[in-house]
Amino acid sequence: MLRQSGLEIDGYDEQSRSYRPQCGSRPDLAMKIFNERDIPIQVAVGNYDLGICGQDWVEELLARYPGSALVKVKPLPYGNRDLCLVADASSQTGTMQELAASRGSVRIATEYPNLAESFSLNLRLRRFSIIPVWGAAEAYPPESADAALISRTDDAPLDPSLLSLTTILRSSAFLIAHRPSWESRDMAPLLERLYAAIGVLQLAAQVSTTPATAGAYRSTRPQSDPTAVWLALPDGHQQAPVLEFLEQAGIKLIPNPQEPRRPGINLDGVRTKIVRPQDMPLQVANGYFDLAITGEDWLSEHLCRFPSSPVKKVLRLGLGKVRIVAVVSKRLPFDSTQDLRSPLRRHGFATLRIASEYVNIADRFARDNHLTPYRLLPTWGASEAFLPEDADVLIENTQTGRTIAQHNLKIIDTLFESSACLVSNESSANGSELKRKRIGGIIDLLSMSAHQN
Amino acid sequence: METLRCKGSRDLLPADMARFRHVEQVFRSCCLQWGYDELRTSTLEYLHLFTSTGTLTPGMLSKVYSFLDWNGWSGERVVLRPDGTIPAARVYVENMAQSGMAKLFYVENMFRFEETGKESRERWQCGAELLGGADPSADVELILLALEVMARLGLPDIGLQLSHAGLIRALLRELGLAPAEQSRIFDQIMDGQTGEVMAEMIAASPLLREPLSMLFDLRGNSPGFLRNQRLALAQISPRLETSMDNFIAIAQLLTDMGCSYQINMSSGKGFEYYTGILFQFQVGDRSVGGGGRYDDLIPLMSGGDICASGFALDVDQIMRLATDSAPAAPRVLIRNLDETIRGQQISFETAALLRQRGYIADCRQGNAEAVAHRWILSIRNEGGKARFLLTDRTGGKAAELDSPTEILGILQIANATKASPS
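So the sequence lines, in the order shown, correspond to chains X and G.
Here numbering that gives the first Met the number 0 is used: the first residue of the first sequence is 0, the next is one more, and so on.
Here numbering that gives the first Met the number 0 is used: the first residue of the second sequence is 0, the next is one more, and so on.
One chain only, chain X, in its complex shape (with noise of 0.2 Å):
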């Protein structure tokens, strides 16, 4: 869209390391890769005049903070998404009168949990509870969840054990503007052209509350067992590692091309789910999980955030490590987490912004260092992007620092190391002899393989 609007652009591909790209014919017009879900925010704050990303996204924002400075300026002819309330085929909540008839707490597992919130809301959900997590939100469901609200595109078909109960918003991507620089600043000469590339397709993003009906599948999964110890392991870029860690250990994966989540695992009585790390330590804490593998940096996040958890780490493996950094701009005058005490204000800070995807170790960072007064910014991904203009430090993890330093960024403190752990609920075993026994069984034998490493 861009390219046909006649603008230019390089350094914003696949392959591109930069976060500031650059275009030839505007050189006025200064741009910021973001995640997509930073960059209603980013808008909203006045730190962009314009932004292009999902409407979920604004939508999400907007679902809590309805005062927000963002004007909705145009649906653009791409990305198309649904975002779908699903549950799983076999379970009681196959409508939505079910499912709002609900008489205990209604799970929804979900990366959008202010649009979650506001649909409970409106729904008039006797008793909810929204679980955010980082992605994944689709293999929580029956288990951990009741429902998940998740984004859904055309060409990835739903999976089969799950069953849509309704689409609460269908999106598309969205060219959206900072309320008063809509208002001020002439912004005409470039939006007539991105209004040329885009033509007169409009999408519609409609609400739609029309439940849908019930399938024939049915799960085949298993029947609960008591007994049965629930082990969640690492997608993402800790699932080749982990998986060898497992397999020095003894422990082999089968795949499962049906539900790819849920490998089958050579353990009896055990089974497996693939999730996010970051979500794990809460999917723990709430029993959804007897162990699990993450990272200490997720578990101390959550720890951080409710520190009466029964979450504890039993095993630590060694493998992914990584230091959590304090960062700041190169061009800044400071070297070490004291310089951004007292001479905040001599520097011109009147308040120190800090960034980060670990909002509440960020957090504490900040109150353990009295760096007053000081806003955290959460952020989901690309954060070195953030400095120095849009935030004034990170905490971010490094493992090597490189990247870091490509982005003209200094570590000034380090907070602490991490690495991939073992973590587990106190409660877990429930009065289970058996189930105690196995958990026992588990830990050992990735204890021989840690040790070993």
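Keep in mind that the hints were calculated from the coordinates and are not lab data.
A hint or two may mislead.
[Said to hold, decoys possible] Some chain G residues near chain X, calculated using beta-carbon distances under 8 Å: (1) HIS47; (2) SER51; (3) THR52; (4) LEU60; (5) TRP69; (6) ASN70; (7) GLY71; (8) GLY74.
None of the values given here were measured: they were computed from a predicted structure.
By construction, the Cβ of each residue, glycine as well, lies at the ideal position given by its N, Cα and C atoms.
With chain X fixed as given, assemble chain G onto it according to the hints.
Structure of chain G alone, referenced to chain X:
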């Protein structure tokens, strides 16, 4: 200077607190005399207490302060109390339901978001709840209690507007609307959007103009008006009779008690939990409080088939309007001119004696000078003996005295000759 106060928050300064305490004291005194017992509920409640149908409207829920507590890993959200009635009902269900009737009152702060930040997001309310009373006389008791509080506070020209949630609900049902639509329209009326929702309904179905106009546009001030309305509305549906009879009984009793009111169905602003009479108190065009009957709330909390009604007064508004204030005790500033330990001891002992006799005795610290004090008592040491100089700042008179007994004598004479010496 940069403001350090949080946006949308308000401090109550000493002068505000004097007015606040006066409102609170009058409210407490009235409630206790009417046989109500004081309650203070928790500031934090579970969100789910407020989310069921029949509690708060989605519009109100979008303005509550809800969050995950430090142990909220299950996703169970807590909320800063947005309303006083639902927590009071919870306390009743958990602690008092066995005893049947309970008359409770509270002075509590409520938290609701307000977009501009110009209005305070923390509002203080004086509320009373009568749980276990189903008769119209229970509603009338609450109205009379609220009116007595406001009268004792000297509020001028208090207006009382009556409406009836049961009648509105019954009418929406009789119009053949789907249950979800009935709830949506009722919520909009409770959120104060009666005009808009009526226009919307009439535009969608012009035949509704007559019954809606009959109910919402006409105003009356007697039970006779309601009897006329009952006859006219019976043409639409005889099933409005139950609510109408209840409304008439309450209006009749208020009239018999010499209480004037306006019947205005459009004034029916309030909470989704209301099921019967709704009342609003106004001074000029300002709402200063209101309440109503909520017979379904206790059953919804599994507390049994218990009827209830209640009201709340807006302390912030009443503080601005109340003309009467509590008389303050005479105030004495004690200046110790003898810096020795013995001198300080005499100073504190003299102050304690004055306080015992009902005076405000303020020992001067640092360089503080008299501000609101009528009297200044200077204490000095003359050859090991304390000497007192009592000055009346209103008349500029001063008396040299030898003992605290003499001080009390002069203060008592001055107090007797002037009702409010300060």
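- prompt: What are the numbers of the hints the structure violates, in ascending order?
  reply: The structure conflicts with no hint, since it agrees with every one listed earlier.
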